[in-house]
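Visitor: Chains A and B are the protein sequences, given in the same order.
Numbering-wise, the first sequence is residues 1 to 227 according to our numbering.
Numbering-wise, the second sequence is residues 1 to 227 according to our numbering.
Careful: at least some of the hints might be erroneous.
Unchecked claim - In the DSS-like style, the derived pairs of lysine-lysine whose C-alpha atoms are separated by at most 25 Å in a straight line are:
#1 A/K93 <-> A/K170
#2 A/K51 <-> B/K170
#3 B/K85 <-> B/K53
#4 A/K53 <-> B/K93
#5 B/K53 <-> B/K93
#6 B/K51 <-> A/K170
#7 A/K93 <-> A/K53
Claimed, not checked - Computed footprint of chain A on chain B, listed as stretches where at least three residues anywhere in the stretch have a Cβ under 8 Å from a Cβ of chain A:
#8 2 to 11
#9 22 to 30
#10 34 to 48
#11 146 to 158
Said to hold, decoys possible - Label-pair restraints from in silico Cβ distances:
#12 A/P101 <-> B/D177: 49 to 57 Å
#13 A/S29 <-> B/R226: 26 to 34 Å
#14 A/R77 <-> B/D189: 48 to 56 Å
#15 A/R226 <-> B/D189: 18 to 26 Å
#16 B/G26 <-> A/M44: 42 to 50 Å
#17 A/R123 <-> B/P70: 21 to 29 Å
#18 B/K93 <-> A/E174: 40 to 48 Å
#19 B/A11 <-> A/K6: 52 to 60 Å
#20 A/V171 <-> B/P70: 43 to 51 Å
#21 A/K6 <-> B/D197: 38 to 46 Å
#22 A/P178 <-> B/K51: 39 to 47 Å
Derived by calculation from the structure, the hints in this document are not laboratory data.
Each residue gets a CB set at the ideal place from its N, CA and C atoms; glycine is no exception.
Protein chains: 2
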Amino acid sequence: MKRGRKPTIDAADITRAAIAVADAEGLASVSMARVAQEMGNATMALYRHVKSKDELLTLMADAAMDEPPPLPDGDWREQLGFWAKAVLEAIRKRPWFLQIPISGPPTGLTSLAWLDSALGALRDTPLEAGEKVGVVMGLMTFVHGEARLGVTLAQGFEDDPAAFGSQYGKVLREIVDPRRMPALAEVLDSGVFDLDDVAAAEDVEAEFDFGLHLFLEGVATHIGGRA
Amino acid sequence: MKRGRKPTIDAADITRAAIAVADAEGLASVSMARVAQEMGNATMALYRHVKSKDELLTLMADAAMDEPPPLPDGDWREQLGFWAKAVLEAIRKRPWFLQIPISGPPTGLTSLAWLDSALGALRDTPLEAGEKVGVVMGLMTFVHGEARLGVTLAQGFEDDPAAFGSQYGKVLREIVDPRRMPALAEVLDSGVFDLDDVAAAEDVEAEFDFGLHLFLEGVATHIGGRA
DNA sequence: CAGGTTTTGCGTATGAGATACGCATAAAAG
DNA sequence: CTTTTATGCGTATCTCATACGCAAAACCTG
């Protein structure tokens with residue numbers, strides 16, 4: 001039998017409590033004290049099961065994402081598109097996920113499951129293993145980045161609804177000197193940045209779709225030149 | 001004339017000092033006290049010129065990037081490729097740049113200059129303004145994400161050289177159950193993840209090039225369907 | 001130049017947060 | 001029942017950001 005006093009909590013419990021706090025009050029509110037209080041324990045009790053707060057954050061990141069949904073029937077392109085949307089959706093459920101500083105390549109079970117899922121979509125393509133990884137990494141990078149942008153904007157909008165939407169265009173017009181930045185000024189004149197609050201959100205969505213389209217188009221071309 | 005005591009420092013000085021600290025000791029070492037010491041002032045003196053540490057971080061982010069280099073002659077594709085490499089290089093000079101939490105769309109002069117530069121590469125293409133922005137945002141997203149990955153790995157390598165390189169493949173093999181993650185297991189068997197320390201760095205570089213290639217290929221196809 | 005006004009430099013103090021350390025306690029082993 | 005071992009957690013320390021208020025400097029008016 002195992003010696004010593006029986007643990008009343010484990011790392012998973014702590015991670016769960018921490019996630020509950022982050023979901024309810026944001027990642028900034030996740031302190032060792034707050035998490036301990038959430039589970040009715042003393043602060044220092046947590047350190048028996050978690051080496052440091054950094055480690056806890058890593059555990060949170062692993063546990064934050066849902067399991068990847070099963071891919072729908074279809075070719076690799078439809079599947080990867082679906083996958084990218086699913087990643088985006090999963091991140092949107094836990095916006096704080098992107099605030100956790102990453103410490104290395106993924107080793108968490110859930111992250112790996114997502115990776116596997118995306119690689120599965122490419123199974124029937126003639127790509128080499130390294131290329132598949134490249135495609136998936138590139139796509140994940142894009143989705144994460146775009147999600148970060150969306151979440152950041154949504155955050156900024158919450159903080160100060162008045163200062164958003166069409167304000168960005170206005171602000172830029174004051175800063176941008178058409179002589180120094182002609183291309184930007186030109187785009188600015190086209191009104192792309194003058195969106196009201198509602199349209200801005202849709203725009204982020206559209207931008208995501210567009211970027212996704214471009215990337216997958218590139219993959220298709222690459223595969224085409226190979227088959 | 002302006003009333004009152006003459007300022008001996010300004011926000012730009014503080015930003016410079018903060019950047020010097022970040023360059024030398026990393027962003028984690030940037031505290032108000034440390035920055036003040038760096039410039040031979042008292043801690044609280046800084047607050048006359050900077051509202052909060054967050055504001056200082058934003059200023060640092062704006063000032064961290066070099067001016068965008070002039071684009072070489074060539075078509076949009078060569079230019080965007082060059083631009084992406086230049087962004088990557090600029091970030092590599094200041095790895096801490098990516099650790100600064102972003103608070104909204106870019107308004108710093110330097111960021112806007114980079115944006116303008118990329119849009120300039122697309123000037124002669126038949127894309128609409130919104131599409132140009134989409135292309136550039138997508139590309140920037142990708143470059144930032146990939147840079148983050150590279151920097152993170154380099155960081156991890158510094159922290160513990162032994163635990164890297166081919167270790168990642170080994171670790172994965174212990175975690176991955178081929179029944180639960182068949183596609184990942186397959187890729188794993190191909191040995192893509194078993195790189196020695198040196199090759200890993202080159203691999204990140206190659207992955208960047210590959211992803212960049214895919215994205216630009218997608219843009220090219222998109223433009224082709226339009227011209 | 002004296003006095004008033006305004007703005008800066010900065011010492012002191014507060015409060016949050018991470019975490020080292022050590023003791024008391026619970027549970028298994030002998 | 002004593003010894004061993006691992007846990008729960010109170011106390012204490014250290015690092016930081018930052019509010020507050022006073023004093024010094026530089027301008028203004030008379």
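Visitor: Taking the earlier hints as the rules, which of them does this structure contradict?
Guide: The structure conflicts with hints 1, 3, 4, 8, 9, 10, 12, 13, 14, 16, 17, 18, 20 and 22, although it agrees with all the remaining ones.
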